[in-house]
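Undergrad: These protein sequence lines are chains A and B, in that order. Using the working numbering, the first residue of the first sequence is number 1, and each one after it goes up by one. Using the working numbering, the first residue of the second sequence is number 1, and each one after it goes up by one.
What the hints contain is simulated information worked out from the structure, not anything from laboratory work. Bear in mind the structure is a predicted one, so any value in this text is a computation, not a measurement. All residues carry an ideal CB built from backbone N, CA and C; glycine is no exception. Warning: the hint list may mix true and false statements.
Said to hold, decoys possible - Derived contacts from chain B toward chain A, CB cut-off under 10 Å, selection only:
(1) Thr-5
(2) Arg-116
(3) Arg-127
(4) Leu-304
(5) Pro-329
(6) Gly-431
(7) Glu-435
Protein chains: 2
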Amino acid sequence: MFTCTLDPHSRTTLCDQLYSALKAEIVRGGLRPGARMPSKRELAAHLHVSTATVEAAYGRLTSEGICESRPRSGVYVCEQVETAQTPHRETVVPIRWDFGTGAADAAHFPYATWARLMREVLSEQSRDLLLSGDPQGSAGLRQEIAGMLHRLHGLDVQPDAIVVGAGTDVLVTVLVALIGRERLFAVEDPGYSRVRRMLVASGARIAPTPLLGGAIDVRALYASGAGAAYVTPSRQFPTGAEMNDAQRAALLRWSRETGAYILEDDFDSEFRFAGVSRPALRAMEGGGRVIYMNTFARTLASGLRMSFMVLPMELIARYRAMHAACSVPGFEQETLCKFIAGSYLERHIARMRVVYRARLQTLTEEAKALGEVAPCSAGLYALLNVAGRVPAQELLPLAAQAGVRLTRLCDYSVMPPDAQSERVVLLGFAGMDEEAIREGLRVLKKAWL
Amino acid sequence: MFTCTLDPHSRTTLCDQLYSALKAEIVRGGLRPGARMPSKRELAAHLHVSTATVEAAYGRLTSEGICESRPRSGVYVCEQVETAQTPHRETVVPIRWDFGTGAADAAHFPYATWARLMREVLSEQSRDLLLSGDPQGSAGLRQEIAGMLHRLHGLDVQPDAIVVGAGTDVLVTVLVALIGRERLFAVEDPGYSRVRRMLVASGARIAPTPLLGGAIDVRALYASGAGAAYVTPSRQFPTGAEMNDAQRAALLRWSRETGAYILEDDFDSEFRFAGVSRPALRAMEGGGRVIYMNTFARTLASGLRMSFMVLPMELIARYRAMHAACSVPGFEQETLCKFIAGSYLERHIARMRVVYRARLQTLTEEAKALGEVAPCSAGLYALLNVAGRVPAQELLPLAAQAGVRLTRLCDYSVMPPDAQSERVVLLGFAGMDEEAIREGLRVLKKAWL
């Protein structure tokens, strides 16, 4: 049990003393990332303080992103927290094979075209691009995005309903302010942890909501009283399940009946390798309270920092009252506008679909030696259920020692995950070519089996 | 008194009904921007509902940025709210002379140099720029910013303490999450309303704090229990007062004694026309909890969307745990890095100091016909105390009808401003050349006198 000396006569409150002692212990590595914190009652008894004091100290650690509270389970040290050990561990073995899911291929980026269009923009010397411009992003760019949504996603939206922003993190923060912090935000569990973190950082209360048949459990949404739900219908992250028609209809019904907003994150849906895409939730009957989000981080490059969302019109008025400027520079906006208008984006996506499909094939073939690979019809990672006798908790450390970065399905859960998901790893293939994928898997095989 | 029909038997709550009715009235223009809302007690009595219902409806309007609550005064319709009248009013007379304070001169922007450097960046084909890069901004850019801070502001900071972001709005939002929403954020009153709005949008509770001798009243900071204070020491916005040594020392003492953070916004301090700059608060003894913020929106162009802040190291760890990417595109970061390294930024600032000084001189000279102009030794706007018999509340409407945009000192107050400040207007001179300034002032004279 964690122990420390608290001075009731100090000018510093007991809560502050406890908070500092716990934080120091976490940074020192005594309480490790992912570890469960002592129960409030036990720690209070052990240190002879009230449970309210422990609760307040835990609350502060949670609000600072050092700990996280998991409903019906307890308080845990965040996986991402930086400890004295963290940099040390990283310097030992550099990452050579990155199966992370956040990357996009940089080698195939149409650099020459992008550079030519940006040079064009620069030589037009439009000094308007130096001003703040429209807070939603330029009218021309929004027009092009609307056209692209129609052609690629069968989605018809008004350019006036689009807001462009410097990445999904920025847009999520904007959304929390628009929708209101008094609403409870349901998130899929397991789900996209980066957006979950941004929601919490933005001051939203979140309700991790289990999946039922691969999609967010709508009965749980009714029960939790959530006023918004962040979902990934085209391919649930990280399980890869596609939301079926009945599940979509139920979700929309919930939104209609409760007045809740649906945040539909459609990233990666451009990369479909088999089957037919369903229309976006936003395009469906009753999708009036659906906020559609997508990013150019995967279809182009994450370093360009461009995402967008489609808002119901009542939120557009609120957005314009809050924001005097768009967070994307004028030069980038104008270049992207020309890039879409010249059909370069769609050609690039078509080309990358071929490249990624080949990688997926290689990865599926080679990963069979490591366990069972789930069939993957879309998106830029595959799921591998690792066979063999290596303990589940050793999978990532062994991979890291061999220079391989990856994550497990259970890493995306807030609620206690089932044992099964501790042996399932995500293999992102956007950041490596086929040769590197083969190598990385060979290295993993040696490390694990 | 505002009236509406509420149905106690409806499935919609009384609060929701009242909220919708009030919002509709505001959008219709029945309750005008800037108007005081009926007192909660009166409205509750008038509509036969509880004050809690009115309070909840007002709370929702406030959280949505439609209304704002002014301590010890009441609830007001936000000045910025969009009503059915707004676009109509705007289309009648287009703005020809913009004395707004947010602009930077676009005509003198070193377009050729910027374009050349960006072309260089593009032709280097560094595919690393396509990746997310360092979440604080590239190491090279931070190195250059640290050098610039040393040369221009006498501020010595570690590049590792710098965070680059897509504009001050984005950084303020990031800061609220880093510092924590449990802290009360003191803001100068009158003060910079755009940052105040972003603080509120980010979920921070704010404490508008009066000025004493031109600087934030430190006794009021102790009394309010604020855990952070946003201040503009080098030139208080909007009053133009400079924080003296005693005031700086008292503010730092407050920060040290209470553990509060100081957010020092140093924008515009590069443009000093007389006297000597004091060092930044951050550079002073005891400045360990000062967060220094500045922007390239004025020294270069707002359309580039680049600001930065210098954080205490404990906040850097937290920032890196929360943020996986910097919000500024790699191409822009690299171009700015070359721009500072080549001394182009400092040369541009020196050139603009001459340009702006001439404009200030012209403006001061010509505005004398309209009233008393306060001496201005730094920054990009002057304060004019309008003489004559035109009523204070007519100043802006008459200007708008003549095609002139400006703001009054009282527009930046949350607390009831003194009558004096209702006749003081801010005249920004960064967006107009001398001829336009002369014209604009002639037009104002005709409209007002």
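Undergrad: Now look at each hint and say whether the structure bears it out.
TA: Hints, verified against the model:
| no. | hint | in the structure |
| --- | --- | --- |
| 1 | Thr-5 | 21 Å, violated |
| 2 | Arg-116 | 9 Å, holds |
| 3 | Arg-127 | 4 Å, holds |
| 4 | Leu-304 | 5 Å, holds |
| 5 | Pro-329 | 5 Å, holds |
| 6 | Gly-431 | 9 Å, holds |
| 7 | Glu-435 | 18 Å, violated |
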